[in-house]
Structure formats: structure tokens, C-alpha cells
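Given chain A's structure and the hints, the job is docking chains B and C onto it.
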Amino acid sequence: MKNIKSILLMIFSSIFLSANIASAATTLSMWYHGAGNQTEKDLLMQIVNDFNNSQSDYAVEVQDFPQESYNDSVTAAALAGNLPDIIDVDGPIMPNWAWSGYLAPLSISQDVLDKMLPGAIGSWNGEVYSVGLWDAACAIYARKSDLEENGIRIPTLDNPWTKSEFDNILATLDSTGKYDYVFDVGMAWTGEWYAYAFGPMMQSFGGDLFDTSNGKADGMINGDAAIEFGEWWQSLMNNGYAPGTSQDGGDRETGFLDGKYALQLNGNWAAVPAIEQLGDDMLFLPSVDFGNGPKIGAASWQFGVSKSSKNQEGANAFIEFMLQDQYLAAFSDGIGLIPPTAQSAAMSEKYRPGGPLEVFFELSEAQATLRAVTPGYVVASKEFEKAIADISNGADVADALDAAADAIDADVAKNNGY
Amino acid sequence: MDNLKVSISRQLMRYVLLSWIALIFIFPLIFMIVSSLKPDLQLLRDSSSFRAFLPVGDISFNNYIEAFDRAPIFLFIGNSIFITATTIILSMFACSLAAFSFVFLEWKGKGVILSIILSTLIVPFEAIAIPLLLIVNFLPWVSVDGISIGWLNSYQVQIIPFIADAITIYLFVQYFKDLPKELVEAAHVDGASWFRIYSKIILPLSGPIFATAAILKFLAMYNNQFLWPIMVAQEEQFRPVMVGLLYFFQLNVAWGEVMAYLSIITIPVLAFYISMQKAFVASVANTGIKG
Amino acid sequence: MGNNKLFKSQQRTGWLMAAPATLLIFFFLVLPFLMAFGFSLTNQRIFSPNPTEFVGLHNFKNMLSVHFLTVEAEKDETGAFKLDNNGNYQFPKTRKFTRNNPDYPHLNKTREWMKFDVGKTKKFYVLARDLIFMKALTITILFVLITAPLQAGIALLLAMLINQPLRGINIYRTIYFMPVVISMVVVSVLWKFIYDGENGLLNALLHFFSVGYFEPVDWLGQTDTALGAIIAMSIWQGVGFHMIIWLAGLQTIPVDHYEVARLEGANKWQTFSNVTWPGLRNTAILVMVIITMQAFTLFPQVAVMTRGGPLDSTQSLVFQMVERGYGKQDIAGGSTISVFLFLFVLSISLFQRYITREKIHG
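Residue numbers (the numbering used here), protein chains in the order written: chain A, 1 to 418; chain B, 1 to 291; chain C, 1 to 362.
Treat the hints loosely; a few may be bogus.
[As the list claims (entries may be wrong)] Pulled from the structure, derived: some chain A residues nowhere near chain C, Cβ distances all over 12 Å: (1) 48; (2) 110; (3) 144; (4) 163; (5) 347.
[As the list claims (entries may be wrong)] Using 30 Å as the maximum straight-line C-alpha spacing, the simulated DSBU-like pairs for lysine-lysine come out as follows: (6) C/61 x C/122; (7) C/96 x A/216; (8) A/178 x C/192; (9) C/8 x B/181.
No lab work stands behind these hints, which were simulated from the structure alone. None of these values were measured; they are calculated from a predicted model. Ideal Cβ positions, reconstructed from N, Cα and C, are used throughout, including at glycine.
The following block holds chain A by itself, in its conformation from the complex (with noise of 0.2 Å):
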């Protein structure tokens, strides 16, 4: 009798001891950049959530952060050596984290990343570091009704617009008189818009910040094709038809809806109020072809595992957990952003076929160039940002590009290269 008890109150107890063990669920520390913005707070709490309830060895739990101190907050961290499991990162900053040793490779199903836009996986040195939830893309942004009124050609992605086109274009827009500015390429938005959004129009141009073959900034980005970009990018300055450094904050979120302007570059994530007050004036065209082709940015958030994190498994687990399309979907249909595979976008309401910005998942996919996948970004992305705008406020365009080179090289050789 005491035995059969004893034996039985043994089994029970470790049972009841295992079940225990088993819900003490590892807490992951997950750095979102989001504070101040509720919507994707409210996503991403949607999915931590399923995820914990989903199953019972990981927990992740949340800290915002504010955008304009985000970096400084995570650099911090690592100097300190308290970096969280999971951070998310800009993707074009992906490789300098990586390289400063912040981040692991990530550990994630090849097929998972198979389905994605390129844009939205960050590899850098032949591994996989980051991937987002997803992508960005820029257009332009026109009314139908104001091309039409004076004759203009509407571009489609196999037939852009090519320069010599564009300026006539603006030549003409402007010969009307009816807009402040024919052509808002956004100089309000300082830091990180500048290399994003006009990067990619030195690009076409030919230029661009590195020369991939010797990893030089000097002879491209002050190199022929980049001066002729600079000097073009000049010449929009000095025949108003775009507002420079001095343009009002408000301005560029209201400029071009209130008519102010006539074209304006801008990304995805504006586009919702635009089709919600233009509904079918609205036209959101592919970039212009200014000789190499047309040229987009790509990359946008990303979330990568950090190397410090003691719980790689976990970490990943939860990563590849937030990739499924019913998340990328809700992600795309509240803040707007594409989703970066097919099914996400078929099943989301704006980007499915037929959808109002399915212009936008194509012109990723056809025109989107990464934008230079080096730990030296950072700082090439922040002399590209002065010389753009020296030379919009009238510097000597080849000794702003010098300038530039100089610094970024001087960096990349204080780094050993990276």
C-alpha cells in the first residue's frame, strides 16, 4: 500500500515538477525603433503576443525607442555590452553593425528567404544578418488631370521617362505658373532620405557612392557621371523648380496634395492619404531613366539577432515566426509599406492585383538598387548628405564631390578597409 502511494506521489510530483520546468519561458529582449507611433506598436505587440501564446519556451518582451536617437541608443548598448536578443536595423546600417560585430548571422529557413524581395533581406560578407517585415519603394508622385492638361507622356515601368524628356517636362510644368515648385524632391527630410531617395538618381546617372571594384569613393562619386548628376541636380536649384534646404517641414507633407507642387518624390509609406484625397488623379510613376537605366532605393527596417544574445535558438524562432504572410499582410495594410513576398501581397489590401499601390511591389521588384552593402555606408551616406546639399546651396559641384570622396575614403582607410 505505502509503496504503491509513494511511488505514485513520486510520479505525480514529476509531472507537476517537468510542467513547471516547461512554462518558465526564457524572456527574449526585442528594441523596436517605433516610440510615438501606435500603429506598429499595436502590430507588433499583435504578433509578440501570439507568438508567447503559441508556445511556452520564449517570451519576448518589447522596448520602444524614438527613430532620431534609436542608433545612438543601440550603439550605447553594444559599447556597454547590454545589447537585447533581437534589434531591428535600418538595412542600409546593417553591415556597419555587422562588421562592428553587433549582429549573429541569422539562422533562418532558406525557402523563408527564398519568397522575399531582395530588398528586404540584409546579407552582407555572404551571410544573412537581417531580414524585414518589409520593403519601401519611391516613385513620383502626379496627378493624372496635370499631365494630361499639358500633353505629357504617362511613363510606364517599360518606357520611363528618359532626361532629355524630364526636363522638357519641367520646363514645361513650370511655363505654367500654377505651381510653387514643379518638382519636390523632399530637402526637408534630412539624414538618411538624402542617400536613399537621390542616391539612386546618381546611380542612373551612372555615379554612385563606391566604385564596387576597388571599393574606392574617389573617381565615382566625383567621378564624370557623378558630376554631370551634380551639376543637373544644380541646375533644378537654380531654375526653381524644386524648393531646397529651406523647405518648410510642413510644406513637404502638404506641398504637393494642397497643389503646390506639381511632381513630388516621395516613398510608399505616403501614399495612402494621397489616394485617399486624389483617389484616381492619383499616379504614383516609376523613376526617370537619366541614362544607366532607372533607379530605385530599397531596404528599409530590418530585424537582425544580436551576437551577444544568449538565446540565438529563441531569437530566431520569433524572427521567422513574424515572416508569416498574414503578419507581412496586416504590417502592409497599416502602415502601407510593401510586403515583401507574393502571398503577403496578394493577400494585402492594398498591393494585391488591382490594388491601389500594386505599382509600387513592381517597381521594387523591377527598379529597386540595394544601396552600397558596406560598413562604410554610414558615413558615406552622411558626406553624400552635405555634399547634396552644398551643391544645392551653390558649392563648386566637383570640389563638393571631392570633398566628399576624400572623407569617405579617408574613413574606409582609417578602418583597414573594413
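Only chains B and C this time, still in chain A's reference frame:
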């Protein structure tokens, strides 16, 4: 009769002049508060005319409600007040004690140490932020949970490095220098200990300078804590007001909410300032005389 | 025997009382700054798989190096000067000398800083290796030279204005002080709105007061107005603080001095220069020292409003320090600037002390 007229019109002119100047000093504040009551589009449009100062149009407290939704404002203000108050109290003691010893006691090395302290006046915080981060990461801390290493994500990391600073010490030194030395000497001859002299004689005479130093410290800790909290207050529960400001600068800046937030966080400062008005002005004045 | 004991007890107590503040300052100010000094002698990055190397004064040399170049007008084959269509002499662009020119290796990658004409046929160039640093240095110095006396002077005038027994004068004193109570960052955000070229409040006000005569100006977007705009705003924010300091100084001047002056028939200017100003000397020293030191650390205004532009017309030393150290992750470069700033301001303040000390003895 004529004299009175002249003097009244003179007075009137003085008031007019003073008022014009007052407008110059206060118009941005009025702009900020009035703008916080307007929706974004109207705010931007109004800012190019006199309507910027007038609460007309679509006036409401919507921006304030939205602002509270977007950021945990009370948390941030609470953090800032706690950090500021603690720093001020500890700073007053540590710095006045040191100043007392520099002025009234003779000891080897005091000249060198005072010079080194004063030379730190020239060092901007940004220059030492990263080395400081490396240092605080290795410091131990005792709490209810035992001993831990590293001060990140805490209140102490936002308080302790700022307790002692050259300006506060300099203020106390200059003030103590002008106090009558005979009092101290007499007390010393009577056999009082130095600490007793400090607390019973010097402290009671130092009301004005304490008020000055306190208010200067308040301004520094509440208004200027930007870079450091971004680096060390990684968890939201420790963040102060200035980091909270960044919550409002996403890609589409909600200017109305920004104005609302700025109005809200300026209230504690203005309240503190106005309530300390007399002591403040009298004491800021003192820094001048002792120059 | 008694003396020794006294001395020893003072020694012990002295150290003890000064210890908390001294230790705090040492650990949290002096030590980090020594580390920053150390960084400036290396090529330290914030984070790098490459080991840090000691480079000695290399960073300083790069930052401060300046070269001179004299260029003659272009000559044709006969040795005579070439003239272009307008009859002007032609000069080769500096780019020819500063980019990979084997005859001028020491000039490689320098940039044109200043240009002077020497007669009609020669130009004299000053080239700098770190042009942006030089611009930051000159703009910062310019900022200090303009802001310090202006701010001090305006504060004095305001103090004299406030120093009259009018009813309600306290309210005005409070209002004039209000900008001081607001963070410089907040002030910068507000004034960016006010200075806006198209929708800005300042333009609207000036337009109104000039009955339509005044055309809107892009204050922060033009190289000739940007720095002035920042100076005006900085003075606006800081003048209240110094006004109060002057006020206290004014109130220590005995009233009978003014009586004497009035009896002797002195006019306003004579009263000021013989009674007011001499009584303010100590106050003047304090105000100037504080204003000067604060002005050298010009940063939040530039960071929020202009980011050094347009065309480097509002660069500042601390802004460059932050851009390099944090923005470009080049801690060594940032530290180099902060060490330079420290030594520079230290020598200026020692110089200021030297000058004022002389006067007291003389």
C-alpha cells in the same frame, strides 16, 4: 501741475518701452501655447500671420489628449523631477562642503585640486559622454537584490555623475570668500569643530547662494539632459522629459502635439521659477557682486 | 606642538570635507576627459574588430595643417600672359594642384580656404587639410566675438532700464527672464518655425510693420543671414540671465554717488562713465567670463536648426565634435576636437585673467 503731467507722460513712455521689449521676450512662448490648441494644418497656415498669436479657429485640447496617448508624459515628468530634485539636494551638500574646506581651511594640495576642478568648466559634456559610459558600466551598486555591476538603466546613473560640478563649487567658493572671516575664527578659538562651524555658522548665512545654485542646477538637469539619457536610460521607465520629446518626431511630425508637449513640460520649470522668484533674483544677483 | 596638531586636524578635515565633491569630479569628469585625451592620440572607433592603434599627434596634425600656395596667371608658349575674352588673366583651378598632382604631394587632398590677389598676375591661396574644422573654428570664434559683447551690452542696457522704481517693474523683470528658463533645444525648435522663409512668423511681422515693403527672407537658408539669425536667437535666450547679474551689480553702487554727480551737474553719459561703470568692474569680469565660455560651446542651436549649413556658414566646434564622434563613429576625431577646444579656451581664459589682474595692480 505741469510737472505732474510731464512726469506722467514720461512714465507712460517708459511703460510703453518696457512693454514693447516684454513682447519681444514673450512672443515665442505665446506662439507655442496658442499653437498647441490648434490642429496641425491650421497651425502651419496661421504661423505666417498674426493669427499665430490668437486662439482663433478650431481651438481645442485635442493635441494634449493625443500627446498623452503618444508618450507617457507623466512618467517622464515624474522621472525628471525625481532626478533633478535628488541631484540638487546631494549637490548642495557636497559642493558647499568642499567650498567651505577650500575657503576656510588650510591643507596641502587644496590649490591644485581647486584649479583642476575649475578647469573642468571648459569641458563640454559631449566630449566625455562615451568614456563616461565605459566607466559607469563597470561600477558596482548595492540594492535590495544584492550587489550588481553596471549602472545602466537606473536613476543613479542619471544622478551621481552630475552631483559635483565646477560651476556650483565656484559659486559657493566666491560667496564664502566674502563672508566675514572673523566669525569663523572666533568660533574656532572657542573650540568648535569644523563641521559645527559649517553647519551652525556658515549655512544659515548662505540662503541666497543656495537658492542660486539650486536653480542653476535645476535648469541644467531638467532642460539639458539629452544625450546622456539616450545612451543610458534604455528602458522607458527611466527616461526623462527631453528624451520624450523625440517621441513626437517621427517621419510625419505632428506639430500640434509637439507644441502641446513642450507646453506641458515647461510648466514645472515656470512654476518653480515663479515661486522662487524673490529668492532667485536676489540670489542670481549675488553671483554678480562676488565676481 | 599645538600648531602641528591644528595643522594636522585641518589637513584631515580639509580633505574629508572636500572629498565627496573631489572624488565625484575626478571619477566622472577628469577621468573621462583623460580618456578622451587618450583617444585623441589613437585611431579609436566606437566599435571595431580592428585593434586600436596609437598614432601620436597624427590626428592633430591632420586637423590643423595649413599650406600656402602662390599661383601665377597662365602663360602661353612665348611666356606672355594669356588673356581671355574679357581681357582678364586666367588662373588654373586649385583642383589641379590639390588632387593627385605629383609635383605637390604635400598639397594632396587639401582644400581651398582663403584666396588673396597679389597684384593682377598672382593669387595667393591658403589651403587647409581639414577645411570643415577650420570653418568651424573661425565661425565659433566669430560667434563668440559677436555674441559676447552684444549680449553683455544689451543685458546691461536692460538692467539699467529695469533698475527704476516703477510700479510693476517686477513683472517686466520676470518676463525678460523667461527665455532663460526654457531649454535651448526647445528654443531652437520654436525659432526654426519663426525664421521659416515662406511661412515664418518673423517675415510676417516685418512685412506687416513695413506696410508691405519688406520681402520675406529665408533667414536660415542663406549663407549671409544664417549665422546672424542664430546669434540673434542665442542672445534672446541668454540676455535675461546676465541682465539680472548686472542688476545686482548696479544695486551695490551707493546712491549718494549718484547724488554727488547730479549736484555737480553731470549729464547722463558722464554719470555713467564716472559713477556707474567703475562700480561695475567686478560684475563686468564675471559676466564676460561666463558669456565667453558658454559661447564657445555653441551646439544645440546649430544641431536643431541648420546642421552647420548652409555651406558651412554655421559650423561650430562642438557640432563637429558630435558629428565626428557620434555620427561618423570616429571617437578619435571627436576627441581631437574636444582636446583642442579645451586647450584653446584654457589659454584664452588664462589670458583674460592675466589682463584683468594687471588692471587691479595698476
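Each hint, compared with the structure:
No beta-carbon of chain C is positioned within 12 Å of the beta-carbon of residue 48 of chain A; the least distance is around 28 Å. At roughly 27 Å, the least C-beta separation between residue 110 of chain A and chain C is larger than 12 Å, which holds for a residue marked as non-interface. Every beta carbon of chain C lies more than 12 Å from that of residue 144 of chain A, the smallest distance being close to 28 Å; the non-interface claim holds. The beta carbon of residue 163 of chain A is kept farther than 12 Å from every beta carbon of chain C, the shortest such distance being approximately 26 Å.
At roughly 40 Å, the least C-beta separation between residue 347 of chain A and chain C is larger than 12 Å, which holds for a residue marked as non-interface. Taken as a hint, the residue 61 of chain C and residue 122 of chain C pair is honoured in the structure, with Cα atoms around 29 Å apart against an allowance of 30 Å. Between residue 96 of chain C and residue 216 of chain A the alpha-carbon distance is near 20 Å, which keeps this suggested pair within the 30 Å criterion. Using a Cα cut-off of 30 Å, the hinted pair residue 178 of chain A and residue 192 of chain C holds, with the two alpha carbons roughly 28 Å apart.
With a C-alpha separation of about 21 Å, the suggested pair residue 8 of chain C and residue 181 of chain B falls inside the 30 Å cut-off, and the hint holds.
Of the hints listed earlier, there is not a single one the structure fails to meet.
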